[in-house]
Amino acid sequence: MGLKRMIGRVAFALLVLGIVAWAVFPFAWAIVTSLKAGSALFTVEAWPSQPSLANYTAIFKEQPFGRNILNSLLAASSVVALSLGLAVLAAYALGRVRFRGRGLLLFVVLGVSMFPQVAVLSGLFELVRWLGLYNRIGSLVLSYLIFTLPFTVWVLTTFMRELPKELEEAAMVDGAGPFVIVTRVFLPLMGPALAATGLLAFIAAWNEFLFALTFTLTDDARTVPVAIALMSGASQYELPWGQIMAASVVVTVPLIGLVLLFQRRIVSGLTAGAVKG
Amino acid sequence: MSDPQTPSLMHQRRRAAWLFLLPMLTVLAGVAGWPLFRTVFFSFTDATLATLDGFQGVGLDNYLWLLRDPVWWRAVWNTLLFTVVSVGIETTLGLGIALILNAHLPGRGLLRAAVLIPWAIPTVVSAQMWGWMFHDLYGVVNAILMGLGLIAEPRAWTADPDLALPVVIAVDVWKSTPFMALLILAALQMLPRDLYEAARVDGVHPVKVFFRITLPLIRPALMVAVLFRTLDALRVFDLMYVLTGNSRSTMSMSVYARQYLIDFQDVGYGSAAATLLVLVLAVATVLAVTLGRVRVDAGR
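Quick mapping for you: the protein sequence lines, in order, are chains R and W. In terms of the numbering used here, the first sequence opens at residue 1356 and continues consecutively. In terms of the numbering used here, the second sequence opens at residue 593 and continues consecutively.
Do not rely on the hints blindly, as some may be mistaken.
[As the list claims (entries may be wrong)] Covered, in the sense of this in silico footprint (three residues per stretch, anywhere, with C-beta under 8 Å from a C-beta of chain R), are these stretches of chain W: (1) 703-713; (2) 860-870.
[Claimed, not checked] Straight-line C-alpha distance at most 20 Å; calculated SDA-like pairs for lysine to any residue: (3) K1520/R x M602/W; (4) K1359/R x V799/W; (5) K1520/R x A608/W.
No wet-lab data here; the hints were simulated from the structure. What you are looking at is a predicted structure, and each value in this text was computed from that prediction instead of being measured. The beta carbon of each residue, even a glycine, is placed where N, CA and C say it ideally should be.
Bound conformation, chain R alone (with noise of 0.2 Å):
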């Protein structure tokens, strides 16, 4: 009995020790690459001879990744107060307010949210020519907004029902219209639950790539994603796989760390909406 429960017990610890393997391996591997420069990159050896940092002073010198990742920085951070600032008040009244049609209205926001992008493509180029934003950041909040202001609108209505309704009708009985509520009683409670959505939100703008792709044209109006996409080097048929993933890595390191530090608020945000960030 003993013996066959410690065999259990290292098969179950291999297992465990699979999985971390198999989720932490690729990452590795590419920091093992960024690390390697010149020939170095085609030999395969679990740890580079002579590692060098050249791959991390080419991305900044050789390509605009410094300006891809302000781009990127940019258009995510204005998307996520944008979708924050107008996701608070619908939430309120979607949350916390009974009138006809709020079931079907939280339907169609869900639904936005599930649109396959390549569906509004035309519709949106046609909105950014218009608009004069082709190849700008502002395409790019525009063109996010689709995707990151249904899931804050639908976190934060789950979120606002779970306030206690007392604390509101104290307001009310001392006189408060709803606009005071929700930003003076309601809005200082919220500051987990809004840097959490936020976060997810933040991650699915930074993330982002087919309206990117799109909607951005010269190498300097790229944001990372497109950037690492389709990142050249001196000739055509050779790409820069040093600094591919020398780039990869600079931009991971940041969200994994967020990612880690905030872990217990993203699992609970992410099962409230129970919607992809």
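Position chain W relative to chain R; hints supplied.
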């Protein structure tokens, strides 16, 4: 839900509610409703990217061409195969990982942190990372498999038409299983503990407990997770585009539609393809809600 005391107050609240919803609804109508309407509209015209304001109606021509194009049907097949296989594997693996995470055993924190990593990595980055690992000449996958003696010579994983789609599926499984596991874990943590105590006292076999108690209880949450992943998989674009470009052997419906819309500048035809993709998604949702009895509501 607070019930306002007087009718006039209730009236005031409702008016405020609509006022609060107005900005959000206006923005959604502008960035989603109107563009979708234009896409459907363009699908009945011969518009090109250069002549978005000068075009003629062509009736159903775009759709008729589309239905006769074998490349389109290949894209439909690729998308459906990708969706069924990857969501199937992700659900099974996700369930397994969630069960491990839910058992209070050592190493749990490490495992949860580790599975969050693929989820946090942008799709484009994971596609590039795996693309490099699957590289035909310098890839680590070939090196490992050859070292183990499993293959005799290096394979061109992403270029070989028979291997490319399985590679894309493998990358998606790596990237999306964590999401599935987390959603299932949340459902598992809601289950009443005393039920399991009772089963243990009665000496019911764990496998039986899983199929008789756990699975039926988490079914609703599981179905919602499967539906969301399915809708997400049906519109897949980034993975195929980055790993294999516009290659026919892996092309999804989204890649096909975008290629016509932007690369070939044929907005009418591309819009028709995009509209059909919306229809496929709508059918999948209706099937899930009716046959799978998935209930999606914020009310809970």
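A quick look at each hint next to the structure:
no., hint, in the structure
1, 703-713, "holds (count 11)"
2, 860-870, "holds (count 6)"
3, K1520/R x M602/W, "holds (15 Å)"
4, K1359/R x V799/W, "holds (18 Å)"
5, K1520/R x A608/W, "holds (17 Å)"
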